[in-house]
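4 protein chains.
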Amino acid sequence: MRFFSDNAAPACPAVMAALIEANRQDTAYDGDAWSKRLDAAFSALFGADVAVLWVPTGTAANALALAALCPPHGAVFCHREAHIQVDECGAPEFYTHGAKLLLLEGEGAKLTPDAIEAAAAAIRDDVHQVQPHAISITNATEAGRVYTPDEVAAIGRVANARGLGFHMDGARFANAVAHLGCTPAALTVEAGVDALSFGFVKNGGMSAEALVFFRPDLAAATRYRRKRAGHLQSKGRYLAAQLLAMLEDDVWLANARAANAGAALIAGAAGGRLVEPVEANEVFLTLTADEAATLRAKGFDFYDWGVGQARFVTAWDQGEAAVRPLADAIAAL
Amino acid sequence: MRFFSDNAAPACPAVMAALIEANRQDTAYDGDAWSKRLDAAFSALFGADVAVLWVPTGTAANALALAALCPPHGAVFCHREAHIQVDECGAPEFYTHGAKLLLLEGEGAKLTPDAIEAAAAAIRDDVHQVQPHAISITNATEAGRVYTPDEVAAIGRVANARGLGFHMDGARFANAVAHLGCTPAALTVEAGVDALSFGFVKNGGMSAEALVFFRPDLAAATRYRRKRAGHLQSKGRYLAAQLLAMLEDDVWLANARAANAGAALIAGAAGGRLVEPVEANEVFLTLTADEAATLRAKGFDFYDWGVGQARFVTAWDQGEAAVRPLADAIAAL
Amino acid sequence: MRFFSDNAAPACPAVMAALIEANRQDTAYDGDAWSKRLDAAFSALFGADVAVLWVPTGTAANALALAALCPPHGAVFCHREAHIQVDECGAPEFYTHGAKLLLLEGEGAKLTPDAIEAAAAAIRDDVHQVQPHAISITNATEAGRVYTPDEVAAIGRVANARGLGFHMDGARFANAVAHLGCTPAALTVEAGVDALSFGFVKNGGMSAEALVFFRPDLAAATRYRRKRAGHLQSKGRYLAAQLLAMLEDDVWLANARAANAGAALIAGAAGGRLVEPVEANEVFLTLTADEAATLRAKGFDFYDWGVGQARFVTAWDQGEAAVRPLADAIAAL
Amino acid sequence: MRFFSDNAAPACPAVMAALIEANRQDTAYDGDAWSKRLDAAFSALFGADVAVLWVPTGTAANALALAALCPPHGAVFCHREAHIQVDECGAPEFYTHGAKLLLLEGEGAKLTPDAIEAAAAAIRDDVHQVQPHAISITNATEAGRVYTPDEVAAIGRVANARGLGFHMDGARFANAVAHLGCTPAALTVEAGVDALSFGFVKNGGMSAEALVFFRPDLAAATRYRRKRAGHLQSKGRYLAAQLLAMLEDDVWLANARAANAGAALIAGAAGGRLVEPVEANEVFLTLTADEAATLRAKGFDFYDWGVGQARFVTAWDQGEAAVRPLADAIAAL
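Read top to bottom, the protein sequences are chains A, B, C and D.
Quick note: the first sequence uses numbering that gives the first Met the number 0, first residue 0, plus one each step.
Quick note: the second sequence uses numbering that gives the first Met the number 0, first residue 0, plus one each step.
Quick note: the third sequence uses numbering that gives the first Met the number 0, first residue 0, plus one each step.
Quick note: the fourth sequence uses numbering that gives the first Met the number 0, first residue 0, plus one each step.
Heads up, a few of these hints could be off.
What the hints assert, rightly or not - Straight line, CA to CA, 30 Å or less: simulated DSS-like cross-link-like pairs of lysine-lysine: (1) C:Lys35 - D:Lys297; (2) B:Lys297 - A:Lys35; (3) A:Lys297 - B:Lys35; (4) C:Lys297 - D:Lys297.
The set of hints was computed from the structure by calculation and includes no laboratory data.
Only chain A is shown next, with the shape it has when bound in the complex (with noise of 0.2 Å):
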């Protein structure tokens, strides 16, 4: 069994359901019925006036994100380890046209009030050096933890007092929700995120993520960018249809839980191996190359990170009783 990437999981019954209810004729782009709800779905949610583009990828609902937060000539702050710098291939700096991404160190993968303050206050205000424009942060993170409401409330803080752009890269938003048990508007529009790139695919979904502006004027040009990207998808009814389906319900949530819970269980197993706090549906642990081997005989597949170290990573369909065989082939290690 798989435990390499939530990616790997196939899209959950309520998005299959959606996409072959979806599949008639319409209008096309962004013109169709599912597409013209998807404004008011997320705005429920949020309880806020939210503007909501889909996109395929959540490289793309960050790339588009910071685009519309930061100028080519401008910095985004953000985690060492974030996906944005490690992960997208450059993606960042392709939409902005070449901004710079500043990184910063913290704990968890997390960011801090003062590592953020500390590093503004570093930079000259002069032309000579790329000033910030705006700070962006994942949660869950890149290690499987959680800001709570008040973490992120401060950094929104620290983004108001200085003019920046607040980004939450929320590929694994979800999990970080069902988490804390919050509301998602507490983890964001109310602790002063401009934008968020609200996972799905991750969570069950086939090819839909939700690019979500809290700032909603920021939507305008954001249209245009998405179009440029090659975003647009013609037949863009089958990406807003998964996103309600999501919605619907609450299947994002339930799919998350699912998810948290078979990471907690592993979690359970591991007891002292645990490298990280398990907040969310990652678990990293330390295992010798022999342990690693003998889960992989086992027929458990999952990555390797860095030396003496694995990750295993659960999907919305990997809850409790689908994890159990791996909880306890580690605990019987």
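Fit chains B, C and D to the given chain A structure using the hints.
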């Protein structure tokens, strides 16, 4: 019934079946079983060693192809009405980092070797002028016309003699092949084409186009550009599966033949109203405002096309039977 | 004697004297005493509050101006023969990150309000088409013609009504002002121009042009773009000193008058050979190959200009006396 | 007296004389007699076939060099304190269209082969990560330190083994050569350097730097990029003349020796205050706020450098005699 775009059509049964079949766990991005079969499947179709990348839109395919063929300081010859110039919001300029499209005239939205030669000859060979690096043609064209293999090959010889890359926007490539009855190879690799945007979405796909490189070496850098543009979907198997389903049993050709047949039926009914010969699945008619209103009152949806003209596009599910009511209505005007 | 370009001329005495005078220690970049005087000096000239940046070339001035007025996903209306389209190797596309130049026709290389309105009206207001954000005109034009204040103001009203930025490429702005006898303000700020590339190099400078913003707010981001483009010279005082020297005692105007007078003398000798009315310092003549050879045999250097035509350009040091031999030789053909 | 930057110095007599000498009519851009002599003059200096382009700033030279060595989707290794990272407002990102600078640590602002190897080894060879394409070092470094020919060659071997381009930012290359007493070739072409930004402005020039390609094939596309960036000055002879004047009679080396001697004198007076060994023309000292105030009260101008430190830079006209008062004042603290 809608005739304003083949983008309005649903996905065809083979594609929907393939998506359901592909809905299981597999490796992420393009490491899955379906994606790995693409090069072989398209190489078989073209009788040549090709490299293929899936992307979700024709705009992405076109822009990636041009970026592979033209540096930022170069230029691409295309027709004044080319989709890359008129309808992609500057995607070629985005992906090429600012290359110029040099616009040529030509009947039926077709370029001719003479027009290209004349334009190329007028460019001084110095650093003050942007130098041409590529030619892009659309087949079938934006006017619903079709380049024959001989016509393509004549342009291919110009490209070769001048050291220019040669791209074909084949959003309706299937319709062109269906009209001509030639092999796909005759219209591309045998005629000197370097890169083809092979359209599937308008022809019954849901969200997958194929960017085909007849010079496979061009694919390596393009794979980085695709990721960098946010087009490397994490569940790429759903795109690859669509393409494979369309190739199998020549679904792509059957679908195109059906659409062409529908267009031909309309053309037959239109008689002297035809603005352009109908060679694919688009029909351009002269139509007064009153006549257009009459058709719309009967439930037919289509685009006005300039003053006193209208465009009707048929899709894979709008063959002769589906289109007959429209043909009858036009004949009755 | 050379008449192929006013770029061939040396720097004028006032400029050389200023360089020698400025050759002492001062603060780097644009913090020096000369650079700090620029805004006031140009504001006095234009009778308006302007912000001025020195740059070494007209291409840099033009491209920075367009980047200030047009986003990457936008377009700029200009004449088909505009220097920004024909002779800058894509600098506008580089600095704007891929904006499109939309090419219009017009007699004497001049745009008209009607041509702009017609082109703007033909652009659909949707995300598939690049939307216009600016207009750029050249004064004097690439054909040696001059827009009057009324003509500029008419275009300025179109710009204002449509919310478009308005840029003037004034590589030969001095020659236009000298021809018209109007104030610099009448031709720019009073006519709705937002940014002027005020050329000095062709008019007796060595290496400094002035980018003048009549909307001073546009200068802030441009200062970053200038640095980012490598145009913030570390010893900027030498550029500022050139500009100040040219403004003092209206050297810029005297130089332009001299060049215009030289061109007028040629024009008088040319009679029916004139292809364009001579309104600045460029003369376009019909000339057979034999006649061209005759002139060249007498030591006159100039460009062929298409078939059967030639271009002669006079510089600040080619007033009536210097040009008389050429005028006589042309009259004698 | 100013010691905050060698940019504050005037142009040296040889340069001023050359400008006056060049102040006559000649062909525009780089077709003039001076520009045409550049390749030969620098090839003689380096004992190798080089291609040379003049540009007005080190930022332009650096950014053009990097654009020649690294594609938009690539990365450049450099030191965390490199000028290209810290003081060029993102010029490398602008010219490369968004390549990434990967920042390494190293004593004295110097890279080591080990640091580069370690960073390269940590990058996964897949499309998700930006792949390294070039290395850039600064000699003399931003800390006033000098790489020896052996040190450069060791990095050159890494570049060669990994297929990376190798750029040297030589804003103070002359000072490095003067310090080492080696040939310019030993520090560059013989050590595997592909492109050198050879600085002249800090060393007595007015407005000309040389971008030297030891792989002359890299120059062709760069000529287009230079024009496209607005750096092809129309009266380019004034830049070429400066460079030639500096090469003649080794003015560049004499100037650098003078500046280095001045710095050495300060270093001798500073004793234990030295933060870095003084190997070129920059001196970094520990200095209390009171001590700094004492020096400034005596008329010495310099930059604070972090907390409790200061930087003094000597120029070509600040040799031992000119600097003695400062040295005495420091000794007297």
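Hint by hint, here is what the structure shows:
Between C:Lys35 and D:Lys297 the alpha-carbon distance is near 26 Å, which keeps this suggested pair within the 30 Å criterion. The suggested pairing of B:Lys297 with A:Lys35 holds, with an alpha-carbon distance near 26 Å, which does not exceed 30 Å. With a CA separation close to 26 Å, the supplied pair A:Lys297 and B:Lys35 stays within the 30 Å bound. Only pairs whose Cα atoms come within 30 Å are accepted, and C:Lys297 paired with D:Lys297 is rejected, the gap being roughly 65 Å.
Comparing the model with each earlier hint shows a violation of hint 4 alone; every other hint is respected.
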